[in-house]
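In case you want the letters, here they are:
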Amino acid sequence: MKPDMTVNLAGMQLRNPVMTASGTFGYGEEFAEYVDLEKIGAFVTKGLSLKPRAGNPTPRIVETPGGMLNAIGLQNVGIDAFIQKKVPFLQSVNTPAIANFFGNTIDEYAELAGRLDQIPEVAGLEVNISCPNVKQGGIVFGTDPECAASVVKACRAVTSKPLIVKLSPNVTDVVAMAKACEDAGADCLSLINTLTGMAIDLNRRRPVLANITGGFSGPAIKPVALRMVWQVAKAVKVPIIGIGGIMNATDALEFILAGATAIQVGTASFINPGAAQQIAVEMEAWLVENGVDDIKSLIGALET
Amino acid sequence: MQFTSMILSNAEVSPGYWRMRMTAPPEFASAAPGQFVMVRVNGAIDPLLRRPFGVFDVGVHIPAQSGAMTQPYFEMLYRVVGKGTAMLSTLHKTDLLDILGPLGKGFDLGADDEEKLIVGGGVGLAPLYLLAKELVKKSPVRLFAGGRTRDDVLCITEFERLGVECYTATEDGSLGECGLVTEALLRRLDALDGKATIYACGPHGMLNAVANIAAERGISCQVSLEGYMACGVGACLGCVAPGHKHSPETPDFRCVCTEGPVFESGELKWRD
Ligand SMILES: Cc1cc2nc3c(=O)[nH]c(=O)nc-3n(C[C@H](O)[C@H](O)[C@H](O)COP(=O)(O)OP(=O)(O)OC[C@H]3O[C@@H](n4cnc5c(N)ncnc54)[C@H](O)[C@@H]3O)c2cc1C
Ligand SMILES: Cc1cc2nc3c(=O)[nH]c(=O)nc-3n(C[C@H](O)[C@H](O)[C@H](O)COP(=O)(O)O)c2cc1C
Ligand code: FES
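Those sequence lines, one after another, are chains A and B.
Going by this note's numbering, the first residue of the first sequence is number 3, and it counts up by one from there.
Going by this note's numbering, the first residue of the second sequence is number 617, and it counts up by one from there.
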């Protein structure tokens, strides 16, 4: 028997719990050759800002054992070009597209949320309050519960679409952040964004990244991400999207056991552009093999 | 496209430089000179990212025995510089590799009635062989190949076999002229009557020098860039290079993996 892979994420019905993570899947189109977008649950766009952003100088990425650091600097086309050039593609795909966005001020966040709310092709919003790359950017919002709550409230006031808040792991108490965002009106929490990290070139005695520090992602961060998802899942009622180092179905199912309703595949799409679809297929196969008839029965089913 | 490729041969052609031939699907034959592939070195998570390499050659292997299947293949020429390339050099015939490609925008072959001047530094020659193979069909082609020592000047006989006139230069004088290969290029440009296009790939300093020479003389010039890549398909935005309008106040970044790796040199930002 075919297991039920559908999950409900803050009102969005997903055909399976596999999503793609912001900044690792372009605007969807880039991967159309490698992934049947109608075989994954949802996809998330590159983080959008009001104005186009050029991003940081290079080198912007560096590989580390089991992971990578990036300091892209939130390069993106900006909301106007997104609407003109990228939205038509979203329309052609029968899979929820979620717009990830960020601002430098609460007003910018609210303006973006309001404009994205008006786009019928956008199924939901994911607020990035946690990007570690930009000096005046997300870091302030994502590390202080009150600031984060003000951002969420401002966005909540202008959109009726599902509002996902993406949490930063670069905090001492992720549960406090999660609760603040839930109380401020978030429909769903996604975590984790990248961990702030650094790499040094000993011979040149210089940092490898032009930006000096960058966001750490990939399989090496999975234990941290799992721990945070588990802690947050115990503390909040809204659904959770687990993110961080997911490379295969085993990783994905571990996040679901820890309490995630859905998961996002990030860095893995760089290594294998078809990763998200493959993970969805393999998850289903695991359910069949293990006699589980509904994926929802695994959410938070970790035995401790 | 993404495919599993079987290694047909992997041999050291000069100390530290390897040439690998591997199977490809028939569609790969349409790879344009200058396009590249992203190679997954192994199935583990270390090294994590794919490695980018130019397409050195494409062809079809016709088995001696009649009736046997023909086998399309492609080749890479690579230098061992770190973890990933060291691992590649230990692979053998029949080992399998996961390949993404051909990717990116290759060289524009340009007009037929002009001289083609190809400039390569070290392993920068890699994408230039397939280019030369196409160009010699219609135009006179000259190659200017440079390296630190004779060991860094690769595959010259292959170019000569195509009918390309080759000039070599090494910094230590162990092969060809002693010095930089741009000297020979300048001499050729001085002697030139008629139009020419320059194609270059190699260390950034060499590309910078060639781009400046081309700009001074108003000659069209295409360069193939390198960049640190995670995805190779335009998603991570890690690989960008500054465009000609770039400044800290007016950032202008070009995506090397999708808008390049080959660019008109005038589109990019260079040092004077
Ligand atoms: C479009 C393109 C075409 C290329 N074609 C060739 C070719 O035909 N032959 C060849 O020998 N080399 C080529 N290179 C360079 C080649 O990709 C690197 O030498 C290789 O990735 C080094 O991997 P490593 O694991 O041995 O080195 P490490 O230093 O261990 O690599 C660490 C990380 O840095 C990256 N990296 C290191 N050096 C470079 C570099 N010069 N350019 C880009 N990324 C780098 C690696 O990909 C990896 O992610 C090309 C690069 C690009 C961008
Ligand atoms: C190159 C790159 C760019 C990213 N850009 C964004 C972004 O624009 N907005 C955002 O919220 N997260 C961004 N992220 C974070 C990812 O969405 C994800 O949270 C993180 O990489 C952890 O997941 P992973 O280990 O599966 O990659 C980016 C990550 C990478 C590697
Ligand atoms: S390598 Fe990812 S955008 Fe070019």
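Honestly, the hints are just simulated from the structure, not real lab data.
Positions of the beta carbon are idealized from the N, C-alpha and C atoms, including for glycine.
Take these hints with a grain of salt, some might be off.
[To be verified] Label pairs and their computed distance ranges (CB to CB):
{"hint": "1", "chain 1": "B", "residue 1": "Met685", "chain 2": "A", "residue 2": "Gly13", "range": "33 to 41 Å"}
{"hint": "2", "chain 1": "A", "residue 1": "Pro225", "chain 2": "B", "residue 2": "Gln618", "range": "23 to 31 Å"}
{"hint": "3", "chain 1": "B", "residue 1": "Leu778", "chain 2": "A", "residue 2": "Lys4", "range": "37 to 45 Å"}
{"hint": "4", "chain 1": "B", "residue 1": "Arg764", "chain 2": "A", "residue 2": "Cys149", "range": "33 to 41 Å"}
{"hint": "5", "chain 1": "B", "residue 1": "Asp711", "chain 2": "A", "residue 2": "Lys4", "range": "32 to 40 Å"}
Going down the list of hints, with the structure as the test:
Taking the beta carbon of each, Met685/B and Gly13/A are about 54 Å apart, not inside 33 to 41 Å as hinted. Taken as a hint, the range 23 to 31 Å holds for the pair Pro225/A and Gln618/B, whose Cβ atoms sit roughly 29 Å apart. Checked against the given bound of 37 to 45 Å, the beta carbons of Leu778/B and Lys4/A, roughly 57 Å apart, lie outside it. The supplied range of 33 to 41 Å is broken by Arg764/B and Cys149/A, whose beta-carbon atoms lie about 54 Å from each other.
Between Asp711/B and Lys4/A the Cβ separation comes to about 37 Å, which falls inside the hinted range of 32 to 40 Å.
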